[in-house]
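*Asks:* Each chain is listed here by its residues.
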Amino acid sequence: MSDFQIGLLSNVGMIAFVALSAYLLLISGSISFGQQAYFGLGAYAAGIATALWEWPLAVALGLGALLGGVGGGLVGLLTRRLHGVYFAIATLAFAEVTRVALDLWRYQRAIGGELLGPDGPNGFNGIRRAFEEGWTPQSFMILIWTLLAATLLALMLFERSRAGIAVRATGGDPVLASLLGTDVARLRVAIAAAAGAIAGLGGGLYAHLNTYIEPRLFDVMLGVHALAYGLIGGLGTALGPLIGVMIDIGILESSRLFHGWRMVVFGGLVALLLIWRPRGLLDEATVGRLRAWFYPGTRHA
Amino acid sequence: MRRVAVAACLAVLVSVASAQVPRLRVDLGCQPTEASLVFLCTVDVADPAGKAVEGVEVTLSADMPSMPMAHNVRPVKAEPVAGRPGRYQARITLEMTGEWAVRLRFDAPRPDVVVRKLDFQKDKVSPAATR
Chain A
1 MSDFQIGLLS
11 NVGMIAFVAL
21 SAYLLLISGS
31 ISFGQQAYFG
41 LGAYAAGIAT
51 ALWEWPLAVA
61 LGLGALLGGV
71 GGGLVGLLTR
81 RLHGVYFAIA
91 TLAFAEVTRV
101 ALDLWRYQRA
111 IGGELLGPDG
121 PNGFNGIRRA
131 FEEGWTPQSF
141 MILIWTLLAA
151 TLLALMLFER
161 SRAGIAVRAT
171 GGDPVLASLL
181 GTDVARLRVA
191 IAAAAGAIAG
201 LGGGLYAHLN
211 TYIEPRLFDV
221 MLGVHALAYG
231 LIGGLGTALG
241 PLIGVMIDIG
251 ILESSRLFHG
261 WRMVVFGGLV
271 ALLLIWRPRG
281 LLDEATVGRL
291 RAWFYPGTRH
301 A
Chain B
1001 MRRVAVAACL
1011 AVLVSVASAQ
1021 VPRLRVDLGC
1031 QPTEASLVFL
1041 CTVDVADPAG
1051 KAVEGVEVTL
1061 SADMPSMPMA
1071 HNVRPVKAEP
1081 VAGRPGRYQA
1091 RITLEMTGEW
1101 AVRLRFDAPR
1111 PDVVVRKLDF
1121 QKDKVSPAAT
1131 R
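In the order they appear, the protein sequences are chains A and B. Each residue of the first sequence is one higher than the one before, counting from 1 in the numbering used here. Each residue of the second sequence is one higher than the one before, counting from 1001 in the numbering used here.
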């Protein structure tokens, strides 16, 4: 495998974490423009843990996911009564507050004669733990995809569970779900926390693969893309966001088919799909048909 | 429990040992070429005492901070410049002008990663402004 292919697959895997995070909120009926904030929190937390506190990589990645989850849960708690555009604006506002706060934050220590740590807008350089521990780009790509596969599997199992069905019911009609006994507010807080944790895990991986992060990486552009991937790939299955990432990064970007026009093509594709298939390529109806085709005679919720 | 404690101690020792290895001094400069969006990058590598280091294996790639993970620049291996010990060059093809974080991955003489932010324009390349 060439360096280019390894880099491409690693990027697809890492951005899929943010896309999955946005997807989880989408199926619960909430549109978030702020999942990049948890990706950023995870990246900074995991980076600080290894570069400054010299924690093992696995523990640092866990801390990134935890901080993303706590951030997501807190925002979910504060916005549990908000819906539609109000929720979307609140998430965007939180993400921008986080980014600006990281822009102002300096926390540096001398490690091995070198000043390391977040330096406001100048970023955070030297998150080299993965390379110091002997991770090659290829083995790190395998780590990314292993964690992504585990997350996807967990999400798919969750969606088949009672709680997963309640999430989809809440996304379809929160009033009806509430009348059927679902504690909609509590469910939304839990989903926001889980979505934040997924994004935070992706952020920790990103920080250690790139060894450099800065607040500008986590601006609204990343959040909008994450949202769009779910809408392109489809909201019928957790594989949808991954398909969305593969279409954009894996095909449009890597092939250089449209050169500088890629973003225009991508925006047009999102607009077209929103008209033609508002819930993406693999929407609930398509997934239902596919399941019936693969497992004839089985009834699905 | 004892195994966990031993593993934790080893991890700390490894990290402390790796942190104490003196790092190479790396200078990166790029300039536009006649081809559109192709830039010639020069990497100067010296040891902590300032002596040029030969036999370096370094690969250059780049990511755009304003659009992370959205651009996949093809990584290129830098080649040594004849008659200039410690100097290596590579041509990198970007997708657009603007600020890029250039990543230098060293495989020899020892693994390391260095990131430098540069502002690539059609007529010149300058270090990204620090704030």
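The hints are simulated quantities; they were obtained by calculation from the structure and are not laboratory data. Think of the CB as a built atom: it goes at the ideal place given N, C-alpha and C, for glycine as much as any other residue. There's no promise every hint is true.
Said to hold, decoys possible - Every beta carbon over 12 Å from chain A, so not counted as near; a handful from chain B, in silico:
| hint | residue |
| --- | --- |
| 1 | Gln1031 |
| 2 | Thr1033 |
| 3 | Leu1040 |
| 4 | Lys1051 |
| 5 | Val1053 |
| 6 | Gly1055 |
| 7 | Pro1068 |
| 8 | Pro1075 |
| 9 | Arg1084 |
| 10 | Arg1087 |
| 11 | Gln1089 |
| 12 | Thr1093 |
| 13 | Glu1095 |
| 14 | Gln1121 |
| 15 | Val1125 |
What the hints assert, rightly or not - What follows is a set of in silico ranges between Cβ atoms, one per label pair, in the way DEER data are often shown:
| hint | chain 1 | residue 1 | chain 2 | residue 2 | range |
| --- | --- | --- | --- | --- | --- |
| 16 | B | Pro1109 | A | Val224 | 40 to 50 Å |
| 17 | A | Gln108 | B | Lys1077 | 30 to 40 Å |
| 18 | A | Tyr107 | B | Lys1077 | 32 to 42 Å |
| 19 | B | Ala1046 | A | His259 | 31 to 41 Å |
What the hints assert, rightly or not - What the simulated footprint calls covered on chain A by chain B, stretch by stretch (three residues with Cβ under 8 Å from a Cβ of chain B suffice, anywhere in the stretch; the number is not a length):
| hint | region |
| --- | --- |
| 20 | 60-67 |
| 21 | 113-125 |
| 22 | 203-212 |
*Asks:* Holds or violated: is the Cβ of glutamate 1095/B farther than 12 Å from all Cβ atoms of chain A?
*Replies:* violated, 7 Å
*Asks:* Confirm or reject: valine 1125/B is not an interface residue toward chain A, with every Cβ-Cβ distance exceeding 12 Å.
*Replies:* Non-interface label on valine 1125/B holds, nearest chain A Cβ at 18 Å vs cutoff 12 Å.
*Asks:* Regarding alanine 1046/B and histidine 259/A, is the given constraint of 31 to 41 Å on their beta-carbon distance met?
*Replies:* Holds: the Cβ-Cβ distance is about 38 Å, inside 31 to 41 Å.
*Asks:* Tell me if chain B covers the region 203-212 of chain A under the three-residue, 8 Å CB rule, please?
*Replies:* holds (count 4)
*Asks:* Taking C-beta pairs only, is valine 1053/B more than 12 Å away from all of chain A?
*Replies:* holds, 18 Å
*Asks:* Was arginine 1084/B rightly flagged as not at the interface, with every chain A Cβ beyond 12 Å?
*Replies:* holds, 25 Å
*Asks:* According to the definition I'm using, a residue is off the interface if its beta carbon is farther than 12 Å from all beta carbons of the partner; does threonine 1033/B meet that for chain A?
*Replies:* Label holds. Min Cβ-Cβ 18 Å, cutoff 12 Å.
*Asks:* Quick check for students: does the CB of threonine 1093/B sit more than 12 Å from each CB in chain A?
*Replies:* It is violated; threonine 1093/B is separated from chain A by about 10 Å at its closest Cβ, not greater than 12 Å.
*Asks:* Could you check that no beta carbon of chain A comes within 12 Å of the beta carbon of arginine 1087/B?
*Replies:* holds, 22 Å
*Asks:* Counting residues of the region 60-67 of chain A whose CB is closer than 8 Å to a CB in chain B, do you get three or more?
*Replies:* Not satisfied, violated; 0 residues make the cut.
*Asks:* Are all C-beta atoms of chain A more than 12 Å from that of glutamine 1089/B?
*Replies:* holds, 18 Å
*Asks:* Classify the label on glutamine 1031/B as holds or violated, using whether its beta-carbon is more than 12 Å from each beta-carbon of chain A.
*Replies:* Label holds. Min Cβ-Cβ 22 Å, cutoff 12 Å.
Hints 7, 8, 12, 13, 20 from the earlier list are contradicted by this structure; the remaining hints agree with it.
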